[in-house]
Amino acid sequence: MVTSLKEEELHKHVLIPYKPNAKYAYTAGQAQSRYLLGLKEGKILGRKCVKCGKIYVPPKMYCDECFRPTDIWVEVMDEGYVMTAVASFISWTREKISEPELVGVIRLLPSNPRDFVYPGIFHRLCVSYEEVRNMSVIGKRVKAVWRPKEERKASIEDIQCFKVI
Amino acid sequence: MKVNIHLNKRVAVIGAGMTQFRRRILETPQEIAWEASSKALEEAGLELKDIECVVIGSAPDAFDGVNLKGEYLSHGSGGIRKPSSRVFVGGATGVMAAITGWYHVASGMCNTVLVVAEEKMSPARPHPQSVFRYIWDPILEKPLNPNLIWIFAMEMHRYMATYGIKKEEIALVSVKNKRNAANNPYAQLGGNITVDDVLNSEVLVWPVQLLDISPVSDGGAAMVMASEDVARRYSDTPIWVDGVGWTLDNTEWPARDLAYPRYLEFAARMAYKMAGIENPYKELDVIEPYDPFDYKELHHIEGLRIAKRGEAPKLLKEGVFDIDGDIPSSPSGGLLGVGNPIAAAGLMKVISIYWQLKGTAGKMQVKKPVHTGLAQAWGDLMQASTVIIMRN
Ligand SMILES: [Zn+2]
Numbered sequence: 022m023v024t025s026l027k028e029e030e031l032h033k034h035v036l037i038p039y040k041p042n043a044k045y046a047y048t049a050g051q052a053q054s055r056y057l058l059g060l061k062e063g064k065i066l067g068r069k070c071v072k073c074g075k076i077y078v079p080p081k082m083y084c085d086e087c088f089r090p091t092d093i094w095v096e097v098m099d100e101g102y103v104m105t106a107v108a109s110f111i112s113w114t115r116e117k118i119s120e121p122e123l124v125g126v127i128r129l130l131p132s133n134p135r136d137f138v139y140p141g142i143f144h145r146l147c148v149s150y151e152e153v154r155n156m157s158v159i160g161k162r163v164k165a166v167w168r169p170k171e172e173r174k175a176s177i178e179d180i181q182c183f184k185v186i
Numbered sequence: 033m034k035v036n037i038h039l040n041k042r043v044a045v046i047g048a049g050m051t052q053f054r055r056r057i058l059e060t061p062q063e064i065a066w067e068a069s070s071k072a073l074e075e076a077g078l079e080l081k082d083i084e085c086v087v088i089g090s091a092p093d094a095f096d097g098v099n100l101k102g103e104y105l106s107h108g109s110g111g112i113r114k115p116s117s118r119v120f121v122g123g124a125t126g127v128m129a130a131i132t133g134w135y136h137v138a139s140g141m142c143n144t145v146l147v148v149a150e151e152k153m154s155p156a157r158p159h160p161q162s163v164f165r166y167i168w169d170p171i172l173e174k175p176l177n178p179n180l181i182w183i184f185a186m187e188m189h190r191y192m193a194t195y196g197i198k199k200e201e202i203a204l205v206s207v208k209n210k211r212n213a214a215n216n217p218y219a220q221l222g223g224n225i226t227v228d229d230v231l232n233s234e235v236l237v238w239p240v241q242l243l244d245i246s247p248v249s250d251g252g253a254a255m256v257m258a259s260e261d262v263a264r265r266y267s268d269t270p271i272w273v274d275g276v277g278w279t280l281d282n283t284e285w286p287a288r289d290l291a292y293p294r295y296l297e298f299a300a301r302m303a304y305k306m307a308g309i310e311n312p313y314k315e316l317d318v319i320e321p322y323d324p325f326d327y328k329e330l331h332h333i334e335g336l337r338i339a340k341r342g343e344a345p346k347l348l349k350e351g352v353f354d355i356d357g358d359i360p361s362s363p364s365g366g367l368l369g370v371g372n373p374i375a376a377a378g379l380m381k382v383i384s385i386y387w388q389l390k391g392t393a394g395k396m397q398v399k400k401p402v403h404t405g406l407a408q409a410w411g412d413l414m415q416a417s418t419v420i421i422m423r424n
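Residue numbers (my numbering), protein chains in the order written: chain A, 22 to 186; chain B, 33 to 424.
Honestly, the hints are just simulated from the structure, not real lab data. Careful: at least some of the hints might be erroneous.
Claimed, not checked - Residues on chain A that point at chain B, a partial pick, calculated with CB under 10 Å:
| no. | residue |
| --- | --- |
| 1 | Thr-24 |
| 2 | Ile-37 |
| 3 | Tyr-39 |
| 4 | Leu-58 |
| 5 | Met-98 |
| 6 | Asp-99 |
| 7 | Ser-112 |
| 8 | Tyr-139 |
| 9 | Phe-143 |
| 10 | Ser-149 |
| 11 | Ile-159 |
| 12 | Gly-160 |
Bear in mind the structure is a predicted one, so any value in this text is a computation, not a measurement. From the three backbone atoms N, C-alpha and C, an ideal C-beta is built for every residue, glycine too.
So that you can see chain A by itself, here it is in the shape it has in the complex (with noise of 0.2 Å):
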């Protein structure tokens, strides 16, 4: 038989804290590292396997399907179509958040509807709350707000969010 904690001890359980002191310096790869200056440019960048067609945003050195190099840069726009949308009253650590943060799935241009897989980003949306409760905003055309270029550092965050056009 499995024991539970009593409710009692829920408040005076001894707690083993440990902090790993782990510290990591992320390779962003070829595909990333050029992406990420595009972004700086104000552009989003990439890469297309000539073989099937297919566009990878973001970028990959290898088509997946076809096991290949991927061949070309391509500029996509930064506009597109939103896939999905959420709003979180929570943070990362699960504690409450009164104002949501709004973030969803973008499918970029140029794609098809049809498409299943397409050039996509998952970013903050400058909508409201009710947008995203309602629905009201998926499907909705949207465009990138870009940082001030002099504030740009090479960073998913050189875009503040998506904005309905």
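Position chain B with the ligand relative to chain A; hints supplied.
This is chain B with the ligand only, laid out in the frame that chain A set:
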């Protein structure tokens, strides 16, 4: 998809055991694994010395707060001085452990395998949510401060938007599964709730609310699998594994349509082909699709091709998936009702089908006679799916 299947031996399940699923269990992960394993051996009528190989399933190390959980759990799982291995494919792990046990036997490598799955979600502080931070792309996603529920909320909303599905229709899964869990002696959260209770519960990440999601829990599950000759010697009611399937999709979830679980369709096709199933709606008698969220059970029923795309909510409303319906779904109570110690929850689904087919599911037993059942799990960045089909 090309899958060539060369079986050396037919494989049966002959015993299973579980701990209760609870939040903040005081036993260690090894003690939990030991309890589930001993019960499984007892039901099989075997002793540990009769077991040739051990397979351990545990999803991420970080939950229990220890590293290399396979090695850590090995003695509680009876794996010392035996060929022991650990599998982990996120939420899909529990069924992957059973599949791995299956191919250990099907290949002819061992005649008896003990499959053990364990997870403790509740030790993490301040909340297990924070442990999931490392599943995100460190450069392109983590700067937006996501928590795990974000992606599932995104998938749920995409599913709702594509097919015009309402939250009320999805909430019925939670109502059904928690009601079924009231019959399950191992369950953490069985009970009678209403659609309104779900719709009025705390909003976590809209459209996901507190009662749309399975609870944080700890627990263990174990199963004994054996080759046909051993199974016939030890059991009058061996349950046969007739089909398995598993697939990974890519991790680029923002670049593929979340309305439909393509990864599951591939896994299901593989398992159906092996089991000779052509029409899953007609040929499956009872199913345990993976339900860490309520919408996910419906999404999975469509990926399993039991319902057409967007039509699972309609069948649910008609009662098809009720315990006395055409295809009872999650008669155990699922993760929503029994609890979600990740790998253990997946194996719990396999064990539930095994008990249903054996006829020993007690108060959980579905009303109609059952001969073919399916269990399924799913995980990682919405990319991994595992399916197992059993017959009596
Ligand atoms: Zn290609």
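- Task: With a cut-off of 10 Å on the beta carbons, see whether A/Met-98 makes it to chain B.
- Result: violated (15 Å)
- Task: Let me know if the C-beta of A/Thr-24 comes in closer than 10 Å to any C-beta of chain B, holds or violated.
- Result: holds (4 Å)
- Message: Given a cut of 10 Å on the nearest C-beta pair, is the interface hint for A/Ser-149 held or broken against chain B?
- Response: The hint is violated - A/Ser-149 has no Cβ within 10 Å of chain B, the shortest such distance being about 12 Å.
- Query: Quick one, is the A/Ile-37 hint okay against chain B at 10 Å, beta carbons?
  - Reply: Check passed: Cβ of A/Ile-37 comes within 9 Å of chain B, closer than 10 Å.
- Evaluation of the interface hint that places A/Ile-159 against chain B, nearest CB under 10 Å: holds (4 Å)
- Item | Hint status (Cβ of A/Phe-143 to nearest Cβ of chain B, threshold 10 Å) | holds (4 Å)
- Query: Measuring from the C-beta of A/Asp-99 to each C-beta in chain B, is the shortest one below 10 Å?
  - Reply: violated (15 Å)
- Query: Would the hint on A/Tyr-139 stand, with a C-beta cut-off of 10 Å toward chain B?
  - Reply: Check passed: Cβ of A/Tyr-139 comes within 6 Å of chain B, closer than 10 Å.
- Restraint outcome when A/Ser-112 is required to lie within 10 Å of chain B by C-beta distance: holds (7 Å)
- Query: Regarding the hint that A/Gly-160 lies at the interface with chain B, is the smallest CB-CB distance below 10 Å?
  - Reply: holds (7 Å)
- Query: Close enough to count: is the Cβ of A/Tyr-39 nearer than 10 Å to one in chain B?
  - Reply: holds (8 Å)
- Can A/Leu-58 be said to touch chain B, with a Cβ gap under 10 Å? violated (13 Å)
In the structure shown, a violation is registered for the earlier hints numbered 4, 5, 6, 10, in ascending order.
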